[in-house]
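Sequences are here, hints too, so could you generate the full structure?
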Amino acid sequence: MIFYPAFPQREIIELDGIWQFRFLEDAPLESLNPENFVFDDVMAVPGSFDCSPSCYSKRGTALYRTEFTVKNTMEASLLKIGGIGLRGKFWINGKEAGFTNLPYSGVEFPSGRLSAGRHALTAALDNRFDPDKMKLFYPNYDFYAFGGFYRGLSLSGVPETWIDRVQVLTKDFRTGRVRVRVLLGGKPLSETVLKFRSDTEKEFKNIPVKFQEQIAETELSVPDFQCWSPENPHMHTLETVLENGDSAIESFGIREIRTEGTRILLNGQAIRLKGFNRHESHPEFGPAVPLPVMIEDLQNLKRLHCNFIRGAHYPQDPKFLQLCDRTGFLVWEESLGWGNNAAQMFDPEFMRLQLEQTRRMVRNSINHPSVIIWAFLNEFHSVSEEGRNLCRELVKAIKEEDPTRLVSFADCHCHADAEKLNCYEFLDVVSYNTYPGWISADSAEEPEAYIRPDRDRILELIRRRGMDRKPILVSEMGCCAIYGQHSPDDAQWTEEFQARYLEEVITRVFEMPEISGLAIWQFNDAKSYLRKGSTIRTKPFGYNLAGVFDRYRRPKLAAAVVERLFRDIPATR
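When you read off a place in the sequence shown, starting at 1, and then add 245, the result is the number in the numbering used here.
For the record, the hints were derived by calculation from the structure and aren't laboratory data.
Predicted model, so just to flag it, every value in this text is computed and none were measured.
Hints may contain errors.
[Claimed, not checked] DEER-style ranges, computed between Cβ atoms:
| hint | residue 1 | residue 2 | range |
| --- | --- | --- | --- |
| 1 | V283 | T572 | 42 to 50 Å |
| 2 | Q471 | T649 | 15 to 23 Å |
| 3 | P376 | T752 | 40 to 48 Å |
| 4 | S302 | P698 | 37 to 45 Å |
| 5 | R637 | A736 | 42 to 50 Å |
| 6 | E476 | K440 | 27 to 35 Å |
| 7 | I540 | E476 | 17 to 25 Å |
| 8 | Q514 | V454 | 33 to 41 Å |
| 9 | Q514 | T752 | 22 to 30 Å |
| 10 | P698 | D377 | 41 to 49 Å |
Glycine included, C-beta positions come from ideal geometry on N, C-alpha and C.
Below, the structure written as structure tokens:
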């Protein structure tokens, strides 16, 4: 399987593998000189150093080093980082090459001329919580902040002007008409002739284009096209060639996602979303989930008759998204955030970084037809004026990058007065998180008895706000169970209790025609905070145990309940 985008004319050096390593404890990232240290260990890349026995759960700066060989002199080069945690600084041959403080986000750095021969790449990664330096990840988030390389990295040679990305968006799914946006890097061009060829064509089309701020747009028709859908996840490719010979091959799907009243339409057909929230998390690999585990997760989701995955709560691995493209899943992708409070809404640097990472997420994932919803800031303080302003700016930024997809965020203020639900007007889809009888002060003998009245109360608040004319999603609902714990009386924390609770959730959600879908919380158990937090007593051994599969992907009883119920719920409406 080829992972896209591909750049066939470039020398590309994949840098994954075993690197030299040293954990530096409290060394400051900003003033660190990597030449002053001797390496005393090794570490896998991608991988989380705080999953390894030598650094388990430690926080601090970790130093990595590897060597690579350039076959032919690169007059210019590009270092691509798939995603790190939490902040990172990079050096090539001792010269600083780049810095990122965007956890999970794919970034790239122009790295100058590299002669043929051996070179050294050094990286310092810091996974500490410092509110002055790390604005996007806080210790109260209900998922663990791992340190290390979450995803792979590479270095490539590029010409003076190179193709950064080629974005392909469906203009008309009935005719195969697409809108193509070419983004350049390096020396600016004002105009040129681009060559385009889809996988269904033998010859290139020569199209003159003009660039503004390194971006040119045109339209193409794809002959003999097939539409992408979960039932027929057909992918096309588009090859683009610059006059200097640089070329890019992008994978894309032809499909349309839109809303009509309370319905979500895919290629004109009303759909129902059935699925889970999923964390990129594994006890051995952290967020550096290897391909076999990704495929196992998708196969398990297929077995449960799911068609929908909410990527919680950060930009997703592009390899996972490409697997979703190929296997026909529908995906909600959101930028990093969790329960951010009113004080953070006042912080201009927090707001700037939210906008930057959200735009970057859209640009990085825009060619994945599986992604149908862009989102941000899970459960943030949306009832304040500052939260409203940030929501408006994030929606605006997303629509500027991609006007073709839906926008939402997962709200947890749905128990407030209707007048406080003041961000829904900016959204294409209204989404809410709720845990009736589980995360609450309820003391009922039967917690699942709260599910139906809670649902009705939230829907009534949405109606009073006048937002019931939009599609509604339940973006989180679920409860926890400890794998292997059983009880004949369905006691809380047993597998029986979770199975009974989720049966009621699925029944009550899908009996309401105004609700377009459900993302159960959650697919697999995932590591969370360890010793702090207001709800730490709900995190046995530092894990969020709401998965219907445990951390090693062993099914709990609830998995069979979901499989049975989802099987009988149509994916179309």
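So, going through the hints one by one against the coordinates:
At roughly 46 Å, the beta-carbon separation of V283 and T572 lies within the given 42 to 50 Å, and the hint holds. The beta-carbon spacing between Q471 and T649, approximately 18 Å, falls within the hinted interval of 15 to 23 Å. For P376 and T752, the hinted distance range of 40 to 48 Å is satisfied, since their beta carbons lie about 43 Å from each other. For the hinted restraint 37 to 45 Å between S302 and P698, the CB-CB distance of approximately 41 Å keeps it satisfied.
Here the CB-CB span from R637 to A736 is close to 46 Å, well matched to the stated 42 to 50 Å. For the hinted restraint 27 to 35 Å between E476 and K440, the CB-CB distance of approximately 33 Å keeps it satisfied. Hint check: I540 to E476, Cβ distance near 20 Å, so the stated range 17 to 25 Å holds. A hinted range of 33 to 41 Å holds for the C-beta pair Q514 and V454, which are about 35 Å apart.
Checked against the given bound of 22 to 30 Å, the beta carbons of Q514 and T752, roughly 24 Å apart, stay inside it. Checked against the hint of 41 to 49 Å, the C-beta distance between P698 and D377 comes to roughly 44 Å, which is consistent with it.
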